[in-house]
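Please construct the entire structure, taking both the sequences and the accompanying hints into account.
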Amino acid sequence: MSFAPAATLDAAALGTRTAPVTDVPLGADAGQHAAPSAAPTEHGHGAAAPVAAHHATDERTDPLPLPTAGWGVGHALDAVAEARLALPFRLPRAHVVSALTTVVLRAGRRAVKVYPPGTDPAHLAATAEALAGTPFAVLPVCAPVVTSGGVVTVSPWVTGGRSADWAETGALLRGFHDVHADAAVPLWDPLRRVVSQVAALPDDAAAVLLAARTALLDAVAGLRSELGVGTVHGDVSPGNTVRSGVTPLLIDLDFVARAPREYDLTSAARRFVAGEIDAAAYRGFCDAYGFDVLTWDGRAVLDRVAALGGVAFRLWDDVHHGRAHDWLDDAVREWRTPL
Numbered sequence: 001m002s003f004a005p006a007a008t009l010d011a012a013a014l015g016t017r018t019a020p021v022t023d024v025p026l027g028a029d030a031g032q033h034a035a036p037s038a039a040p041t042e043h044g045h046g047a048a049a050p051v052a053a054h055h056a057t058d059e060r061t062d063p064l065p066l067p068t069a070g071w072g073v074g075h076a077l078d079a080v081a082e083a084r085l086a087l088p089f090r091l092p093r094a095h096v097v098s099a100l101t102t103v104v105l106r107a108g109r110r111a112v113k114v115y116p117p118g119t120d121p122a123h124l125a126a127t128a129e130a131l132a133g134t135p136f137a138v139l140p141v142c143a144p145v146v147t148s149g150g151v152v153t154v155s156p157w158v159t160g161g162r163s164a165d166w167a168e169t170g171a172l173l174r175g176f177h178d179v180h181a182d183a184a185v186p187l188w189d190p191l192r193r194v195v196s197q198v199a200a201l202p203d204d205a206a207a208v209l210l211a212a213r214t215a216l217l218d219a220v221a222g223l224r225s226e227l228g229v230g231t232v233h234g235d236v237s238p239g240n241t242v243r244s245g246v247t248p249l250l251i252d253l254d255f256v257a258r259a260p261r262e263y264d265l266t267s268a269a270r271r272f273v274a275g276e277i278d279a280a281a282y283r284g285f286c287d288a289y290g291f292d293v294l295t296w297d298g299r300a301v302l303d304r305v306a307a308l309g310g311v312a313f314r315l316w317d318d319v320h321h322g323r324a325h326d327w328l329d330d331a332v333r334e335w336r337t338p339l
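Numbering-wise, UniProt numbering puts 280 at position 280 of the sequence shown, and it's gapless, one number per residue.
There could be a bad hint or two in this list.
Pairwise CB distance ranges, derived in the manner of DEER restraints [to be verified]:
#1 Glu334 / Arg90: 32 to 42 Å
#2 Arg333 / Leu85: 50 to 60 Å
#3 Asp203 / Asp330: 27 to 37 Å
#4 Arg162 / Arg93: 20 to 30 Å
#5 Arg162 / Pro92: 17 to 27 Å
#6 Ala280 / Glu334: 24 to 34 Å
#7 Glu276 / Gly175: 16 to 26 Å
#8 Val246 / Asp218: 17 to 27 Å
#9 Thr295 / Arg333: 46 to 56 Å
#10 Asp297 / Glu276: 18 to 28 Å
#11 Val96 / Pro156: 12 to 22 Å
#12 Gly175 / Ser98: 46 to 56 Å
#13 His325 / Gly108: 41 to 51 Å
These are calculated hints, taken from the structure and not from any lab test.
Please read these numbers as outputs of a predicted model, since none were measured by experiment.
All C-beta atoms, glycine included, are put in the ideal place defined by N, C-alpha and C.
Set out below in structure tokens:
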């Protein structure tokens, strides 16, 4: 699949993510495309985890920014109306399916996703091109369209009943990892949102969270992967699968990156440890994938990365809904000791 440059219109010119705050996808930087450094190993010791360069005062542009205050469904609908003029096909009338940090709509046999303004269309297009032809995921059918209300992508709407179960998700993920091991996807850039989300905090609180970010990124850079470094989905759960007939497929590929493959397994492990899924479901996931990340000594670091990512998201969510950060003092005390 090869896309033409993203279409741009010259017209003038949400809700919140509901995932547990300890399981927020952490994504990769679209500006960090690199040739593969090492193919994943088969349960042998792999390379150290690759991460994009990081600094406590990192000012790089986030390719997938969180929405600013006030952006939501109305803006997304306006964006879809503008995008119709640039799409290479007729788009049926669309209705809203979900409003999270993006807005998803259904338009006949098409799934329309609207990202907030500032989203990098090149990031979205590059990921789709890197995964072109995949039998494991649903990809956009055309280039992203940039409008005054946001960036619009269009994919097939897959209707196949229930999502995959955990065992099916494990098998699906293993296939995705193996087939796309060397895909030219961005380097993993965890915790990039911490910098922007602490900017308005008191100096001491911001300093503690930024120091925790630096400590965790240093720890990530020193991890040794048993599964090897490869392409990860970045937000794994049965909820991010759909079914085409009897075949499960991955969706929501925004956070695909080049990272330790174990990262995609830690979501299931956290849910198991927290009691969200039972032992049978977790064992089914591990058996289908072929590895239990609970046995890996780097898991604690990735769990803390996910937890600090949750803090960044919670800061944004409070501002988005006009809530006070009445939990922040406790969080700052906790994050004075990142590991």
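Now for the hints, and whether the structure bears them out:
| no. | hint | result |
| --- | --- | --- |
| 1 | Glu334 / Arg90: 32 to 42 Å | 53 Å, violated |
| 2 | Arg333 / Leu85: 50 to 60 Å | 53 Å, holds |
| 3 | Asp203 / Asp330: 27 to 37 Å | 18 Å, violated |
| 4 | Arg162 / Arg93: 20 to 30 Å | 27 Å, holds |
| 5 | Arg162 / Pro92: 17 to 27 Å | 25 Å, holds |
| 6 | Ala280 / Glu334: 24 to 34 Å | 33 Å, holds |
| 7 | Glu276 / Gly175: 16 to 26 Å | 24 Å, holds |
| 8 | Val246 / Asp218: 17 to 27 Å | 45 Å, violated |
| 9 | Thr295 / Arg333: 46 to 56 Å | 31 Å, violated |
| 10 | Asp297 / Glu276: 18 to 28 Å | 23 Å, holds |
| 11 | Val96 / Pro156: 12 to 22 Å | 18 Å, holds |
| 12 | Gly175 / Ser98: 46 to 56 Å | 26 Å, violated |
| 13 | His325 / Gly108: 41 to 51 Å | 43 Å, holds |
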